[in-house]
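S.K.: Here are the chains, one letter per residue:
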Amino acid sequence: MNLVNWTRKNLFSNWHDTLLTFIILFLFYISIPPLLSWMFFDATFFGTSKKDCSGTGACWVFIQVWLKRFTYGMYPNDQIWRIDLAFIIFFFVIGAYFFVNTKIKKILFIFLTIIFPFLAIFLFHGGLFGLEEVETRVWGGLFLTLFISVFSIIFCFPIGVLLAMGRRSKLPVIRYFSIGFIELWRGVPLITVLFMAAVMFPVFLPSGTNLDKLVRVIIAITLFESAYIAEVIRGGLQAIPKGQYDAANSLGMGYWKSHILIILPQALKIVIPGVANTFIALFKDTPLILVVGLMELLGMVNMAKTNPAWLGLATEGYVFAAIVYFIFCFAMSRYSLRLEKQLKTSN
Amino acid sequence: MKILSKTLNKINIFLENNPKITIYFPQFLIILVLTIIISYFSLNASTNMAARGIETGFAFLKNKASFDIQFSLIEFDSNDSYARAYLVGLLNTLLVSGIGIFFATVIGFFVGIIRLSTNILASKVAEAYIEIFRNIPLLLQIFFWYFAVLRLLPSSENSLILFDFVFANIKGIYVPRFVWTNFNFLTYGLVVSILAIYIFRFYSKKKQDLTGVQVPTFTTSLIIFVVINLLFIIIGNVGLSLTYPVLETNRGIHNYSGGVSVIPELIALAFSLSLYTSTFIAECVRAGILGIDKGQKEAAASIGLSKSQILKLIVIPQALRIIIPPVTNQYLNLTKNSSLAAAIAYPDIVLVFAGTALMQTGKAIEIVSITMLTYLTLSISISLFMNWYNKKNSLTER
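Each protein sequence line maps, in turn, to chains R and S.
Position 81 of the first sequence, counted from 1, bears residue number 81 in the working numbering, the numbering being contiguous throughout.
Position 281 of the second sequence, counted from 1, bears residue number 1281 in the working numbering, the numbering being contiguous throughout.
Same shape as in the complex, but just chain R:
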């Protein structure tokens, strides 16, 4: 009885709701069965080559065979443990973060933001202490996606904080410089910034210096994304009541002391969801590095689909990549939504 009432109220409350329900059910009826049979019932999951696929459904063999390349790019097979190790440490520390007390949390935080980046770069690149050197041009796949987004966000955060403070500064030179910097990067598409990194950076550097392509890309993304972060943080700074500034000043604190001890801790707490959203946008933008020849997940799929032995499997590759990106972005956006709600109730 309850179910009948529920459907009547939510699906058939008046004639246009009823019509809408039937239209949607009809659309489901014509679209979902073929989709399911393509994805699961007629699909081939295991095999070693394209010949193993039945032909009517999806050929997931393609994904299964190429999975290692999609995850690690062209990284040498016998060195992959280094990437795994770094990510295991990363996720272990993040997991541990939720279960320990405040004192250890502080240590973990410092480890994660200051020591871990160097450790990770050492593990990925090698070349020291007997670890074999792996050039950045063989880096790729999902590993590169995560590497670029995490490192860019680490670099753009402090720059963003300084720019946001600069934009609110009373000193005209600093204020106009910050405004100009922020509006410049916010006004142009990322792809032109990447082009700039690819073709213009070498011109500006002394001849003979060859800056690694990955480094150039990370600099470009950092410049670009720090402008967006700055605007998010500026929102947080503006939300701090003026009384906080006055109180800090009346205690005799100067500009830096009041900002570091009083204003920024409060402002940064407010902007966590906004920063998370910027991070999602950055994560979704990483495939663009394809235009300068770096192969992250989408780039690897694009390359694999042109492999003569695997032609005609573009759909499977893109669907797989879409699912991976979706899982990451959806999880992050839900997390940021939850944070937003938590912050709303605590204030």
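A hint or two may mislead.
Counterexamples of contact, computed for chain S against chain R with all Cβ distances above 12 Å [stated by the list, open to error]: (1) Leu1004; (2) Thr1105; (3) Gly1172; (4) Ile1224.
Covered by chain S, according to a simulated footprint, are these stretches of chain R (three or more residues, beta-carbon under 8 Å) [as the list claims (entries may be wrong)]: (5) 173-180; (6) 204-218; (7) 283-292; (8) 321-330.
I should point out that these hints are in silico values taken from the structure, not numbers from a laboratory.
Built from N, CA and C at the ideal position, the CB exists for glycine as well.
Add chain S to chain R, keeping to what the hints say.
M.R.: Using the frame of chain R, we list chain S on its own:
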């Protein structure tokens, strides 16, 4: 340690006694550092350019481009200049952005309203649509539609045929071209009818202000529009015929000619831009409608407005005030995102100018700066317009 803290203290006291230093010194420092960085980079650039034998300057814009552009709105061939190639790219960017903005708005408003529907199934479907299309990178969506859908269309001789006049094949989609006779009469009719409606509205508003009597504006405007246009069409003998695309075979190569052809790159790009941006617009629309206080509707109902009047006079004007600024921002994002065209070789400004022209001339600084300045001009003009609009429409509380 002690000496250090003592000197710090002394510096602090000195700065407090000379407040002008704390104002001027940091600014001076910034200017100095910027000057050093810029002059260092330009020194490097000039030596590098000299070493490679590349002249700097914008004179190259007049040179012959000597490349072809697959799709352009204005006449272009390889004898035209780089400046004209830039114009072709810019127009193509504006074309795909315009198409994208139109469809993104339509889909976005539709999905945003469905999302608030009382029908739970419809609302959930709209939510699923929003979550799926906003959480997949745009570039991936473009690749999907281009490589996985449009590239699988049959070749020209086995085109898919819809309703006998739309032909879809791997080279694009072909639709009939409208051929008008006496087209100028139709334009006159449009202009005259719009003027008439404008005058009618002006007087009906005046009448309402004076007497309080409402004239049914929408129906009357529609009647005026139809009648005047029909009159002009009959008097001017305006005719419309269609030229259908015809399959032609030229030395074994099949091709459609006649009609309007739309290249697959444009379709894939416009389609994915619209779908991706519509999810953001839908969220703006939802926020705008939810942002209106329930009391507003109740107050309107209590003074006797009908349901459609409440929607037209109370809800929509207030919702639009909330919706328009973020939606304009999305239009700007869409225009910037249209630069992803370069990845599937749709000849937009990035591909034509920052790609092909740069490759040929090697003038990295000039070309990248022009491209960035173009986008920057677009962004800044739109944000200036937005500031003006917000100021004009902000609530003036009494």
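S.K.: For each hint, tell me whether it holds in the structure or not.
M.R.: Hint by hint, here is what the structure shows:
no.	hint	in the structure
1	Leu1004	17 Å, holds
2	Thr1105	20 Å, holds
3	Gly1172	19 Å, holds
4	Ile1224	31 Å, holds
5	173-180	holds (count 3)
6	204-218	holds (count 4)
7	283-292	holds (count 7)
8	321-330	holds (count 6)
Consistency note: the structure conflicts with none of the earlier hints.
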